[in-house]
Amino acid sequence: MSKHHKHSRYGPQLVVEAPEHFTLQVLNQAEKSGAKAGAKIAKRALKNARGSGAELNALQTDELLLAAQQAGAAAAIAAARRVLGKSLRSKEPIPQVIDIGDTSLRSERERTPSTNNGFGQHVLVVKRVENLSPEMIRVIAGAKQLAGYRPNGKADQYVKVFFADPALALNAPYDLKTLRRSLPREQVPCTRSYTIRWIDQEAEELAIDFVLHGDGGPGSAWAATAKPGDPLVISESRGKFSLSGRVDNYVFAADEAGIPAVSVAMGMLRSDAKGVALLEVDGPESEFDIDHPSGIELRWVHRNGLHPGTSDVLVNAFSLLAPPNTSTSVMVHAERSTAKTISHMANRWELNKRDVHVSSYWTLRTKRPRTQPQ
Numbered sequence: 381m382s383k384h385h386k387h388s389r390y391g392p393q394l395v396v397e398a399p400e401h402f403t404l405q406v407l408n409q410a411e412k413s414g415a416k417a418g419a420k421i422a423k424r425a426l427k428n429a430r431g432s433g434a435e436l437n438a439l440q441t442d443e444l445l446l447a448a449q450q451a452g453a454a455a456a457i458a459a460a461r462r463v464l465g466k467s468l469r470s471k472e473p474i475p476q477v478i479d480i481g482d483t484s485l486r487s488e489r490e491r492t493p494s495t496n497n498g499f500g501q502h503v504l505v506v507k508r509v510e511n512l513s514p515e516m517i518r519v520i521a522g523a524k525q526l527a528g529y530r531p532n533g534k535a536d537q538y539v540k541v542f543f544a545d546p547a548l549a550l551n552a553p554y555d556l557k558t559l560r561r562s563l564p565r566e567q568v569p570c571t572r573s574y575t576i577r578w579i580d581q582e583a584e585e586l587a588i589d590f591v592l593h594g595d596g597g598p599g600s601a602w603a604a605t606a607k608p609g610d611p612l613v614i615s616e617s618r619g620k621f622s623l624s625g626r627v628d629n630y631v632f633a634a635d636e637a638g639i640p641a642v643s644v645a646m647g648m649l650r651s652d653a654k655g656v657a658l659l660e661v662d663g664p665e666s667e668f669d670i671d672h673p674s675g676i677e678l679r680w681v682h683r684n685g686l687h688p689g690t691s692d693v694l695v696n697a698f699s700l701l702a703p704p705n706t707s708t709s710v711m712v713h714a715e716r717s718t719a720k721t722i723s724h725m726a727n728r729w730e731l732n733k734r735d736v737h738v739s740s741y742w743t744l745r746t747k748r749p750r751t752q753p754q
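So the numbering used here is basically just the index in the sequence shown, starting at one, shifted up by 380.
I should point out that these hints are in silico values taken from the structure, not numbers from a laboratory.
Please read all numbers here as calculations on a predicted model, not as lab measurements.
Quick reminder that beta carbons are idealized off the backbone N, C-alpha and C, glycines included.
Some hints could be false.
When the alpha-carbon atoms are kept at most 30 Å apart in a straight line, the in silico DSBU-like pairs for lysine-lysine are as follows [what the hints assert, rightly or not]:
hint, residue 1, residue 2
1, Lys412, Lys524
2, Lys427, Lys416
3, Lys524, Lys534
4, Lys534, Lys720
5, Lys733, Lys416
6, Lys507, Lys607
7, Lys416, Lys534
8, Lys507, Lys420
9, Lys557, Lys412
Computed Cβ-Cβ distance ranges for the label pairs, DEER-style [said to hold, decoys possible]:
hint, residue 1, residue 2, range
10, Lys423, Ala549, 47 to 57 Å
11, Ala425, Glu730, 47 to 57 Å
12, Lys524, Thr743, 29 to 39 Å
13, Glu730, Glu566, 44 to 54 Å
Starting from the given sequences, assemble the full structure and let the hints guide the process.
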């Protein structure tokens, strides 16, 4: 071993000054990678559990995956901060992680932690309610700096909304761990996934569209009676799909539950975008205004009184589309069986997989037969 190699300890001991931008990039990436790894491990464990006959319900699965993501992200950030603290010389403390994107540091206002309540929840207050159609209600809520909520910029951005029994007079944010020990399972606040329809940072407001199913579901029941002053409790943002700017054609398909996500995506398109959007609703009276580029044709398809999830009208409408050119992006948000069928059809178009996003947005729990419209 040479004298130089011996003293250099396997390489030059380079001490680097720690630019805040670089440090934040490292922490941000650690958070995302840790969350992804935590969820991946939890999903694998869930899959193995199903194979042995054990299975969690939808709420328990969501809560487990969220906890795994948060634990993985926290562990990764802690490890990254320890390494940075040892490796980088800086007079300033290692900053808290923020989502800085790929270009520049965000403003000081956006640098605030996403939540300080320790429960991963953001508590907003309902400001007004708008009726979009007989089946859809828009709830607009607000809070100072949106209670720390940060959008992620994804086309399918969504959150978990927390619903608590008003008779219990629970105060938000909810300490679910403690409540599970003290309340029967049916009284513990539950969650459902909803798309963030729009965000107005200047007005410090955001909107969520709710479908009134009439089946006693927690989201539908809450939205039907929501009024100004009520709390709206949401999780941090999630989502995976980003619309491609490389394609020259877009195909969208959604039922009522998926229409908000598709509407958000259409609002992100260039003004000269071309394509078609297939939107399933009950009937003509259920159609409502959606901002979209003039080159995107809205085609409303009607169930004509059939229960959501039991009709093939959206599948049939999609099957009538001519195979598009390969420079096409597809986004589908619908009931599980509908989304699965459409996914098989879209696969035959042989598009770039990165440009195809098909999501089982909800699952029909009853055993109603799927029916052709009369």
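Going through the hints against the structure:
For the hint linking Lys412 to Lys524, the alpha-carbon distance of about 26 Å falls within 30 Å, and the restraint holds. Among the hinted pairs, Lys427 with Lys416 is consistent with the structure: their alpha-carbon atoms are about 16 Å apart, no more than 30 Å. Restraint check for Lys524 and Lys534: the C-alpha separation of about 23 Å stays at or below 30 Å, so the hint holds. Straight-line distance between C-alpha atoms of Lys534 and Lys720 comes to about 22 Å, which keeps the hinted pair within the 30 Å bound.
At roughly 20 Å between alpha-carbon atoms, Lys733 and Lys416 fall within 30 Å of each other, so this suggested pair holds. Pair hint Lys507 plus Lys607 holds up; C-alpha atoms about 8 Å apart against a cutoff of 30 Å. A threshold of 30 Å between alpha carbons decides the hint, and for Lys416 with Lys534 the separation of about 16 Å falls inside it, so the pair holds. Restraint check for Lys507 and Lys420: not satisfied, since their Cα atoms lie roughly 38 Å apart, outside the 30 Å limit.
For the given pair, Lys557 sits about 24 Å from Lys412 by alpha-carbon distance, which is consistent with the 30 Å threshold. Range check, Lys423 to Ala549: Cβ separation about 36 Å, and the 47 to 57 Å hint is violated. The hinted range of 47 to 57 Å is not satisfied by Ala425 and Glu730, whose Cβ atoms lie roughly 35 Å apart. For the pair Lys524 and Thr743, the beta carbons lie near 37 Å from each other, so the given range of 29 to 39 Å is met.
For Glu730 paired with Glu566, a C-beta distance near 47 Å keeps the hint of 44 to 54 Å intact.
Of the hints listed earlier, those the structure fails to meet are numbers 8, 10 and 11, in rising order.
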